[in-house]
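Protein chains in written order, with the numbering used here: chain A, -4 to 257; chain B, -4 to 257.
Possibly wrong hints are sitting among the right ones.
The list that follows gives simulated cross-link-like pairs (lysine-lysine, BS3-like), each with its CA atoms no further than 30 Å apart [said to hold, decoys possible]:
(1) A:LYS158 with B:LYS183
(2) A:LYS158 with B:LYS243
(3) A:LYS119 with A:LYS80
(4) A:LYS222 with A:LYS191
(5) B:LYS158 with A:LYS153
Since the hints were derived computationally from the structure, they do not count as laboratory data.
Protein chains: 2
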Amino acid sequence: MVGIFDSGIGGLTVVRELQKKLPKYDLIYFGDTARTPYGTKSKETIVKYALEDAQILLNRGAKVIIIACNTASAVAYETLKEKFKVPVFEVITPAVRRALELTQNKRIGVIGTTATINSSIYEKLLKEGREKIEVFSAACPLLVPLVEEGWLDTRETKMIVKKYLHPLRTKSVGTLILGCTHYPLLKKIIQPRIGKRVNLVDSAEEVVKEFQQFLKDNPKIDAELSKTSQAKYLASDVSARFQNIAEKWLSKKVELERVDVL
Amino acid sequence: MVGIFDSGIGGLTVVRELQKKLPKYDLIYFGDTARTPYGTKSKETIVKYALEDAQILLNRGAKVIIIACNTASAVAYETLKEKFKVPVFEVITPAVRRALELTQNKRIGVIGTTATINSSIYEKLLKEGREKIEVFSAACPLLVPLVEEGWLDTRETKMIVKKYLHPLRTKSVGTLILGCTHYPLLKKIIQPRIGKRVNLVDSAEEVVKEFQQFLKDNPKIDAELSKTSQAKYLASDVSARFQNIAEKWLSKKVELERVDVL
């Protein structure tokens, strides 16, 4: 079983991509909706939460873990990799690799939560990946609440996106990393506001490509993963609102099971 | 010592009011910043969190508890009152009383988080308080993130406030309850958008008035409260952002101590 977790429901963009590319693989998702969002919290708190989230998935039989949350990937990946024996995937390295492949003018923009941007992880990895890369970052803390409110196409969301992207647009970035699993839902309004020719990198798509490649390279691990097209959804807080958003995103009936994190 | 808690930093509006009206009373504040916000979560989760929050304050010597959070007041007050022996104050009843005093056209508006509005507590108490009252409610889930982002006076915040208030304005409410301790920070932009003649009821002001009256009526309890103008601030997650907002709101240096809720 493939275990996937997020601070809330943003990681369902990874689930959707996984079900598109690897529909037979059984998966278990955990959204820490009782403590969401992570992006405005401290590193210490996020690491503690991520360890608990991964443990919940392992207790339910996950054989690999995908951290479907940029914030947790940014600050907790190393700790999870050391602590757990199963393969752990994060959403940042695959997005960095893709951005470096795509860039032509060597000017790359990154948007994410406050915690992700403050970690400077994208900037560090992009500059390690290739010399002479210029990185321009912007924290966009209101985009997660806007997506969770379902305001995907309102005038207010468009104005706020424009405001957040303005500094990156003036820097003429050629590639923009959507450094939060919620942001692919805003792709249609981000694209015209950053510029039509700017390449958008979707971390949900990239982590699934990386995972597919890993399975090809590691047939023994692939063989251990059950493939009966089952999906199980866990959340630390279950409300009608989360249920509705999950069903809308995945375009199907979703049964959320409440699990306690404490 | 007076214990005050909130899901995060909104309850500091109650602290500010308390320090204005009762500057000598020692107080201890706890903001559950590691699990904020509460307003989008389920009743069960909020009750559990509120019990833990109050316990933290009691362990530190609080002799009375003020729930400085409308969401927790709406769904957890009864449980706290039963469980703990100290006097417990909540922010809803005082605001209801004030709104009933002020109303002339018997049309009262209420804005709050999704959890507060879904609880229907304001509507229930207003209608119990007086017959023939009409209540119009609107959940405003983006206002807390906007306040926490510090966007108190931006064009985007004004537009979003206008959008949320529009249905109440068309109902010609004469009085509007600010049913969230974050909202007093937006008073200046709320007033012109709901109408200049509409009375705004600030739950932070009202709960402190109620508490003052209680102390007059209960001199024995008043005598037990220490009065050395001390204030202690605890939070479950401490970040520069929270620190800045707290110092800006209270107009003084604030030392936040991190305490673990788990």
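Evaluated hints:
1. A:LYS158 with B:LYS183: Answer holds: LYS158 (chain A) to LYS183 (chain B) is near 23 Å, not above 30 Å.
2. A:LYS158 with B:LYS243: holds, 24 Å
3. A:LYS119 with A:LYS80: Since the Cα atoms of LYS119 (chain A) and LYS80 (chain A) sit roughly 26 Å apart, the hinted pair holds (cutoff 30 Å).
4. A:LYS222 with A:LYS191: Outside the cut-off at roughly 39 Å; violated.
5. B:LYS158 with A:LYS153: holds, 15 Å
Checked against the numbered hints above, the structure violates only hint 4.
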